[in-house]
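Got chain U; can you put chain P on it based on the hints?
Order-wise, the sequence lines are chains U and P.
For what it's worth, my numbering labels the leading residue of the first sequence as 1, then goes sequentially.
For what it's worth, my numbering labels the leading residue of the second sequence as 318, then goes sequentially.
A portion of the hints provided could be inaccurate.
What the hints assert, rightly or not - Simulated coverage check for chain U against chain P, where a stretch passes if three residues somewhere in it have a Cβ under 8 Å from a Cβ of chain P:
#1 79–86
#2 189–203
#3 291–304
Derived by calculation from the structure, the hints in this document are not laboratory data.
The structure presented is a predicted model; accordingly, all values stated were derived computationally and were not measured.
Even for Gly, the Cβ is constructed at its ideal location relative to N, Cα and C.
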Amino acid sequence: MEVLGDIFNLALIAATLRTTAPILLVALGGTFTTKAGIFNIGLEGQMLIAAFFAVLGSIWTSSAIGGVLIGMMAAMIFAGTFSLLVVTLRANEVVVGLALNILAGGLTISLTKAIFGTRGSIVNPDIVGFAPVNIPIIDDIPGLDRVLSGYTPLVYLAFILVFVVWIIFYRTRLGLHIRVTGEKPEAAEALGINPNTMQHIASLMCGALAGIAGAHLSLGYITMFAENMSAGRGFMAVAVLIFSNGDPVKVLLGCLLFGFSDAMALRLQTFGFPSYLVLTVPYIVTLAALFMLTYRQRPKIIRETLESMSLVRRQEP
Amino acid sequence: MSDHQGFRPTPSFGAPMTNAIEMRGVSKRFGPVIANDDVSFAVKKGEIHAIVGENGAGKTTLMNILFGLYHPDTGEIIINGEKVEVDSPRRAISLGLGMVHQHFKLVPSLTAADNVFLGIEKTRNGLIDHAAQIAQTREFSEKFGLSVDPEAIVANLSVGIEQRIEILKVLVRGAEVVILDEPTAVLTPQESRELFRTLRGFTDQGMTVIFISHHLSEVMAVSDTVTVLRDGKVVGTRPTAELGEDDLVRMMVGRNVSFSRRKRPRTDGERILSLKSIWARDNRGLPALQDVSFDVHGGEIVGIVGVDGNGQTELAEVISGLRHVSHGEIVLHGQKIQDGDPRLVRHAGLAHVPADRLHRGVDKADTISGNILMGRQDEAPWSSRGVINWRYVRERTEELIKRFDIRANGSRTLVKTLSGGNMQKVVLAREFSRAMPFLLVDQPTRGVDIGAMEGIHDEIMRQRNEGAAVLLISVQLDEIMTLADRILVMFAGTIAGEVDADTATEDEIGMLMAGRNLSAAAAPTVNEAS
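Only chain U is shown next, with the shape it has when bound in the complex (with noise of 0.2 Å):
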C-alpha cells in the first residue's frame, strides 16, 4: 500500500499534466488536418523543426514569444510546403509526410552543426525560456496549488486551447467548412465551399499549432535544443487522432492517457517496474478501439420474416 501511496499522488497528476501538454498542443494541431480529410502523418517533423527554431529565435529576440513566434513560422513553412504537395499537386499524403519528417530530422542536426559547431544538442546561456506561472488564488489552497499552478504559460494554452478549438470547429463558418470539407468535399464543391483551400487553410493551422507544440519541448521546461527531441510525440499524436477523428474533447483524453502513461513510466523505472509495458498501454487502447469502430460498421446479411414478407406485400402500390 505504501508503494502505491508513493505511485499514485498529486505529483503523479501534475506530472501527467506536463507530459500531456506537448502532445497535446500537436494533437490539436493536426485535428485540423483530419477533419478537413488529410492524414497527417507530417506532425513529427513540424514540431522539431519549430523546436529548433524556436531555440534559434529565443537567441535572436532575446525573447521566449519571440522564440514561439519564429518557431510557429517554421512549422507553418513546412505545414505550407506539406498542403502544396498534398493538396494542389496530389502528391501521396503518407510520402510527403514522411519525407518532411525525415528532412526536418536531418535539417535540424545540420543546421545545429552549422551554426551554433555542436553535435547532438545546442545548450546556450542566451536561451531565454518560459518561467512558471503561480496562479494567485488557487496557490492559496492546499494541494490545489501542486496540481494547477506553477505551469509554463504554454501548459495552460494547451488546455485552453481545447476550448478554443472546439468553439471554431462547431461554432463558426471556418470549422464548418473545414468539417464538411473532410466528410463530404462533393457536398462542400456544390455549396460553393472550395474544398482545396478549406485544406490549406486547415493545414496551416496546424502548423501553428505544431509550432506552438515545439516551442513548447525546447523553451519550457528545458531551454535547449536536442537532436529528435520530439521524440515521437508527433506520432502520439497521430493514433490519438485516428481514434478521435479530430474531435478537441476525445482528442484531450487521449492525449491525457498518453500523457498518464508517460508520467506513470517515468515513476515505475524507479521502481524498478518495466516502463516499456506501461507505455504500450496507449497503444494498445487505440488498436482496441479502431478495432470496435470497424467491427461495428461490418456489412449485415438480412434475412426474411414470414411478418417482413408480408409487410412488403402490403406496401405495394
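Chain P only, in chain U's frame:
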C-alpha cells in the same frame, strides 16, 4: 389512376399560359456520344412536368444543362420568356432554379438545419446562429409540408427525410422551379406518395416542378405533362391525361422495334437453374426481389426484360453469388448456391458475362491473356503446382482471339486499348470457353457497335444450340425478341409475367413492363416447371 385526376388543375385555355422554362434546339456531345440531339421542349408555369426515358436517353444531361452544370454545344434556354445564359449552378439558382440530384449531397454528421444552410450560414458576432437556422428550417418545413426535425442528425435519418432536406435546401435558396432527378428511385412507395403530395402543394403555390423518372405509373399518377426522350431526342411532349401507360412504353422503347428472330432447332434439355421463391434486398436494405421463381433448361434462352431498375441487377447478383438472398433457394446443376460465394457458384457451373464490364468483366490494366486466365488460375493445364503455364495460356488466348474475332494485336495486348465491343468479346471468350452448363449474360451488347453485336448474338445462339442453359438479361427489347425462347418480364422486383417469344407482341410485353397484368386467360403460370 382516375382518383389522381381530381387534384389536377383544369387547364384554363383563356388565360395566357406562360412558359416557366423553354429549351430550344439544345444539343450536347460527349466525344463521339450524342447525349442530347436538338432537344426542344417547354414547361408551363405551375405544372408538374415529367421527363421520361430509358437509361441513357439523355434526361439527366438535359437537366444538368438547364442547371448550368454542363454547357450545351448549341441551343438556347428561355426562362420566364427571357433568353438566358446558364453558365453555372450559381447562376441557375439566381434565376430561381433549384435541383435535387439523384445522389444526395448531405453531410451525415450535421443536423438537418446545418445542412439546409450550408454555404449560406446565418451568423451572429462571427459565430453560427444555430437557433435562427433551426427556426427558419422549421418555418420552411411547415410552410411546404416537408416534415423534418431541424435538429436531427442526418446520419440517423431515412432516405425519404434526407430527400426532404435536399428539397428544403433548394427552397431556402429561393427556387421557383424545382428540378428532381429520379426522386423516387430511392424511396419506398409510401414515401413516394408523400413526395408527390408535396410536389402538388408546390404547384398549388404557383411553383413549377420538373421531375425525371422511368417509373411509368407514377408519371401517369402525378404529372400534368410528359416529355419523352429516346436516344437523346425528344419523342414528344403530351398532356398526361391523353396518354396511356402502354403509349408511354411505346414512346420510350420505340414504335418500330427492328429485329429478325433467330432460327433455332427445338431442344428439350433438363433443368439447369432453378430459383425458388427468391427474395433479396438492395444496397439500401429495401426489397429488390420479391418471391421470384423460375427455371432455365438446357438448350433454351430465357430472356429477362423490364424497365431498368425493376430488380434485374439484383437478380443477376444473387445468381452469381455477389449478393446474399434474404430468402429462398437457388439450385444450379444440382447444387444449392444461394449462400455461396462467386467462386463456389462458378465451380457449380456458372459462366457470367456481367453488365458492368469495366468493373466486373475485365481487368483493364492487364493483357488479354491475363484476362482469359482469370478464374482458372488453379486449374490444370492452365497452371500446375501453383505455377502458371504461360505458354499454354497464350496459345489458348491466340486461339480464342481468332474464334471470337477479337480485333487485337495478339494475346499481350492490354485490354484498356480495346474498343467496347472487343472488350466484351474478351469477356465472352473467357466465359464461353469454360463450357459451363449455365450462362448468365447481362446486357451483352451495351455500348457495343452493330457489327460486334451480330457476332455476340451468334455466340450466344451457338451456346444455346450446343445445349447450354442461358439467362439473358437486357433492357434492349429487340435483343430479347431476337434471341430468347421464353421471355420473363420483371416489374417492381417480381416476375410480372411470362410470354412465348415466338408469339409475343411488343404491346403485350410493354403492358407487362408497365406493371399491368395480362388477362388471366393469356397469362401462363410462372412456376409451371416446378
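Each hint, compared with the structure:
no.	hint	in the structure
1	79–86	violated (count 0)
2	189–203	holds (count 4)
3	291–304	holds (count 4)
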